[in-house]
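Visitor: Letter by letter, the chains look like this.
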Amino acid sequence: MKAESKKVHGLDFMFAVACYIQSSSLLSSFFVSITRQDSWIVVLFALIICCPVVWVYARLIESFPSKNLFGILQTVYGKYLGNFFCGLYVLFFFILTSLNLSDLSEFVKATIMPQTPLVVLSITFLLTSAWAVYVGGLRQMVKYGFLMTMICLLIVIATIILTMNLMDFENFLPTMDLQPKKYVQATNIVVTIPFAEVIIFLMTTNHVQTGKRGFFPVFFGGVVIGCITILLVIMRDIAVLGNTISLFSMPSFETLRMVSVTQTLSRMEIVFAFILIALLFFKVTWLYYVTVISAKQVLRFQDHRRLILLIGALAVTSGFILYPNSLAHNESGQKIVPLVWPIFEIILPLVTLIIAKFRGMTHKRQTGSENQSGSSESKSAAAPQSGSGSQSGSKSPSGSGKQSDSKSPSDSKEQGDSKSQSKSGSSSGAKQGRDSQSQSRPKSSGSGSYRSQSV
Amino acid sequence: MRQKLKLVFAMLLCSTLLCTTGCWDNRELDSLSIVTGVGIDTSKEPGNLDLSFQIASVQNGSKKEGGGGEAAPYLIREAQDRFVLGGIDSLRYGNSRQLFLQHNQVIIFGSDVAKSGVKPYLDSFMRNTETRMEVWVMVAKNDARSILTTETVQDKIPSVALSRMIMNERAISPYSSTNMLQFTSRLVDRSTAPVTLVVERKEEDGLQSLNFSGMAVFKDDVLVGTMDMYQMQGYILSMGEVNGGSVQLVTELGNADLKITKSICKQEIQLDDQGNITFKLKVNTTLTIGALQNFRSMDINKVISLVNEKAKEDLETKIKACFAESQRLQADIYGIGAHIHKYHPKEWKTMEDAWASIYPKIRLELEVETNLGSSGKISESLNMREGHE
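Read top to bottom, the protein sequences are chains A and B. Under the numbering used here, residues 517 to 971 are what the first sequence spells out, in order. Under the numbering used here, residues 544 to 932 are what the second sequence spells out, in order.
In case anyone wonders, no lab produced these hints; they're calculated from the structure. Misleading hints may appear alongside valid ones.
Claimed, not checked - Here are the simulated distance ranges between beta carbons: (1) A:P630 x B:A834: 49 to 59 Å; (2) A:A674 x B:D800: 38 to 48 Å; (3) A:M666 x B:Q817: 56 to 66 Å; (4) A:P840 x B:S558: 24 to 34 Å; (5) A:M692 x B:S922: 56 to 66 Å; (6) A:I564 x B:K889: 19 to 29 Å; (7) A:M692 x B:E811: 15 to 25 Å; (8) A:P696 x B:Q817: 23 to 33 Å.
As the list claims (entries may be wrong) - Pairs of lysine-lysine residues, derived as PhoX-like cross-links and limited to a Cα-Cα distance of at most 25 Å, are as follows: (9) A:K698 x B:K889; (10) A:K698 x B:K885; (11) B:K892 x A:K697; (12) B:K885 x A:K697; (13) B:K762 x A:K698; (14) B:K802 x B:K825; (15) B:K823 x B:K809; (16) B:K920 x B:K855; (17) B:K904 x B:K823; (18) B:K904 x B:K920; (19) B:K809 x B:K885; (20) B:K809 x B:K745; (21) A:K697 x B:K825; (22) B:K684 x B:K809; (23) B:K823 x B:K855; (24) B:K920 x B:K762; (25) B:K823 x B:K892; (26) B:K823 x B:K889.
Claimed, not checked - Computed list of chain B residues with no C-beta within reach of chain A, every gap over 10 Å: (27) T672; (28) E694; (29) D732; (30) I807.
Glycine is no exception: its CB is placed at the ideal position from the N, C-alpha and C atoms.
I would like the entire structure built from these sequences, with the hints used as guidance.
Guide: If you want it as structure tokens, here you go:
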């Protein structure tokens, strides 16, 4: 993906978040086998728990408007600890990419192409994603998210109508009959695996223009749309499959296989397979992109595109190594992942926010105009973060290969005096912000920032 | 450099397109044996199964096994193995085409297999990605192979004929026929006994036909008994909505054949403080007169009143007979246990383990109301006319 010269609209970003969560509907078997007919309640519990988590994300972004997640971590924790956490996050994003790529390939193998070797499917998807990461743009990507969200919602509603004759609403009974620890476990899985994974979007929020309302409505709106879709899918599956839902590794797919309104309107699972492949492709591409730009930032590469194929090859390979089979993946998804992922998704962002607050690094949420101008002021930080790194000497955002010696504001005194920086950004406006891109010079390289690599 | 990179990448993608065109998964119609029915019987060799696969003939030129050279639209492939998958696999060696289960219509268990338990064989079908959960499950009165080799007249492929017969049955009531999802759902539920249709082969005047002869009742996955059509009607009438069927009455004054136009049943399950369970059924059936015989010299209103009363008694007897039989078999075919689990989960916890012994003690409270809605195009029968002036 090219570094963006223009900001992404908040609404588009919201649909990208929604689409990302929708694409996780395949993973319902992780928690459906635990809470069975009460799985829909668990999704609602997860949404409630996600509320403060998303608030933490939004607060974090608004506190450091010109930075992405890594910029924030480096500012708050300093050079060494910050880089250590960034490294861990790169690993986290990488594993997510690898697992989702593996999920996508296994889904296609299990449903459409059983004879095709998994490695061929993985490489094919990865190359397509690599192409999207190489030439696509964030703006195009989020537009694609909006389109996919709408198509997915339409298909879910259509399948609900088509399976209406198979539904038995007594399948939802009895409610809340299981042991409380099962609800806790399942809620943790739902929060961890699809919902709080939206932390990956924190790597791109510096390209987003949200207006007066800030990031919380954007993020939470996306989570709510995604949650509603997953809720509809789960409720449909429970109503159709009843107590057998816990037996299937892909309950949604089995539900769609049951559709038989007439002889002609039957065997429609291929429609569902296509939409799920498209959604998962979207998810993998996002994860891939985030992994590439975060690895670039940590490894201080000039151009993130140099890392695309390297990370892609590693992702394909590790997909085969991480779990020996889908059962082990499922087991891990139920017992290990929900304990490890929250460290990255909930605990670290929360601790970062608290530390930032105590150290006086946070500042009040900016108004719309401030946010906008602050963002444009931060182009030198924001664009290179995706294009060539916020802390390193950068290429021009257009990716033309023209090098500039600009330094991001995060290199400068922002970590110590970010408020004054944002003020200057707001007063200078967009044009001045662009000017500052070429004119700004590093002022310090104390704790919280690190020296950029010369180019 | 940039242009070169682009070119290399584009070539790489194009080569990917060429190399990964899905050749691994191409399946041509002439390389497939499309299975329309599977029969599972016990083999003479202990521990083995006799598997019969009915394969629809794509070209209508194959010879029927043992036939007189007439073209038949299906083939029967047989295998003997301990496992279903093993049987399918063993057929590879004697078949030029690959078995394709996506269009399978029915899975028929021979009565011997059903009596020994069907879970191990259902497991194979559930795991197979080609099999659909909507495939019909039924029990053959004797062996499954004889069902699949029946020469049905109208629908030439017996499994397709069975599938259509089930659809006709379901137009009347969906409760007696069971697909794999419903069967599995009852197995998972544990308290509810699965039921399936029993199919038998009949031969009259050299003409073969398939016929549903009743309902097989399972306890867990083991066939414990069968109900005849009389009891089966009692079952479907007590389960919910029924949109067809007939009631035949034989009285001293005359005989009547009534058609059920609509029957609705409301179930209610009551638990008292002592833990006694009452199963309340309120059946409201609308009938029309299909035929009246005799009732010589009787007034039509009196006949209707008499027939109505007799129909009510008949339906009550059927429903009670079915319920009594299910209690005798200790098989909760009505899903009373599942209902208690859903609506009284606390009480269910105390009953769950002892459900097999609790079920026979359940009291049935039955209330049947019959309405003779129409007498057809004529009111009095010809016999009734004979006594009048």
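Visitor: All the hints need checking, so say for each whether the structure fits it.
Guide: Evaluation of the provided hints:
The hint said 49 to 59 Å for the Cβ distance between P630 of chain A and A834 of chain B, and at roughly 56 Å that hint holds. One distance hint, 38 to 48 Å for the beta-carbon pair A674 of chain A and D800 of chain B, holds here, with the actual separation near 45 Å. For M666 of chain A and Q817 of chain B, the hinted distance range of 56 to 66 Å is satisfied, since their beta carbons lie about 58 Å from each other. One distance hint, 24 to 34 Å for the beta-carbon pair P840 of chain A and S558 of chain B, holds here, with the actual separation near 30 Å.
A hinted range of 56 to 66 Å for the beta carbons of M692 of chain A and S922 of chain B is consistent with their spacing of about 58 Å. Taken as a hint, the range 19 to 29 Å holds for the pair I564 of chain A and K889 of chain B, whose Cβ atoms sit roughly 27 Å apart. Distance hint check for M692 of chain A and E811 of chain B: the Cβ-Cβ separation is about 24 Å, which falls inside the suggested range of 15 to 25 Å. Evaluation of the 23 to 33 Å hint for P696 of chain A and Q817 of chain B yields a pass: the beta carbon distance comes to about 31 Å.
At roughly 18 Å between alpha-carbon atoms, K698 of chain A and K889 of chain B fall within 25 Å of each other, so this suggested pair holds. With a C-alpha separation of about 19 Å, the suggested pairing of K698 of chain A with K885 of chain B holds against the 25 Å cut-off. Restraint check: the Cα-Cα separation between K892 of chain B and K697 of chain A comes to about 18 Å, which is no more than 25 Å; the hinted pair holds. With a C-alpha separation of about 21 Å, the suggested pairing of K885 of chain B with K697 of chain A holds against the 25 Å cut-off.
Only pairs whose Cα atoms come within 25 Å are accepted, and K762 of chain B paired with K698 of chain A is rejected, the gap being roughly 30 Å. Only pairs whose Cα atoms come within 25 Å are accepted, and K802 of chain B paired with K825 of chain B is accepted, the gap being roughly 19 Å. For the hint pairing K823 of chain B with K809 of chain B, the CA-to-CA distance comes to about 8 Å; that is within 25 Å, so the pair holds. Taken as a hint, the K920 of chain B and K855 of chain B pair is honoured in the structure, with Cα atoms around 23 Å apart against an allowance of 25 Å.
Straight-line distance between C-alpha atoms of K904 of chain B and K823 of chain B comes to about 14 Å, which keeps the hinted pair within the 25 Å bound. Taking the CA atoms of K904 of chain B and K920 of chain B, the gap is about 47 Å. The hint is violated against a cut of 25 Å. Taking the CA atoms of K809 of chain B and K885 of chain B, the gap is about 17 Å. The hint holds against a cut of 25 Å. A threshold of 25 Å between alpha carbons decides the hint, and for K809 of chain B with K745 of chain B the separation of about 36 Å lies outside it, so the pair is violated.
With a C-alpha separation of about 41 Å, the suggested pairing of K697 of chain A with K825 of chain B is violated against the 25 Å cut-off. Our distance criterion of 25 Å between C-alpha atoms is broken by K684 of chain B and K809 of chain B, whose separation comes to about 32 Å. Taken as a hint, the K823 of chain B and K855 of chain B pair is honoured in the structure, with Cα atoms around 16 Å apart against an allowance of 25 Å. Note on K920 of chain B and K762 of chain B: the hinted pairing is violated, with a Cα-Cα distance of about 47 Å set against a maximum of 25 Å.
Among the hinted pairs, K823 of chain B with K892 of chain B is consistent with the structure: their alpha-carbon atoms are about 22 Å apart, no more than 25 Å. Note on K823 of chain B and K889 of chain B: the hinted pairing holds, with a Cα-Cα distance of about 21 Å set against a maximum of 25 Å. Not every CB of chain A lies more than 10 Å from the CB of T672 of chain B, the least distance being 6 Å, so the non-interface label is violated. Separation of E694 of chain B from chain A is adequate, the least Cβ-Cβ distance of about 25 Å exceeding the 10 Å criterion.
Listed as a non-interface residue, D732 of chain B fails to keep its Cβ farther than 10 Å from every Cβ of chain A; the least gap is roughly 6 Å. Distance to chain A confirms I807 of chain B as a non-interface residue, since its nearest Cβ pair spans about 17 Å, more than 10 Å.
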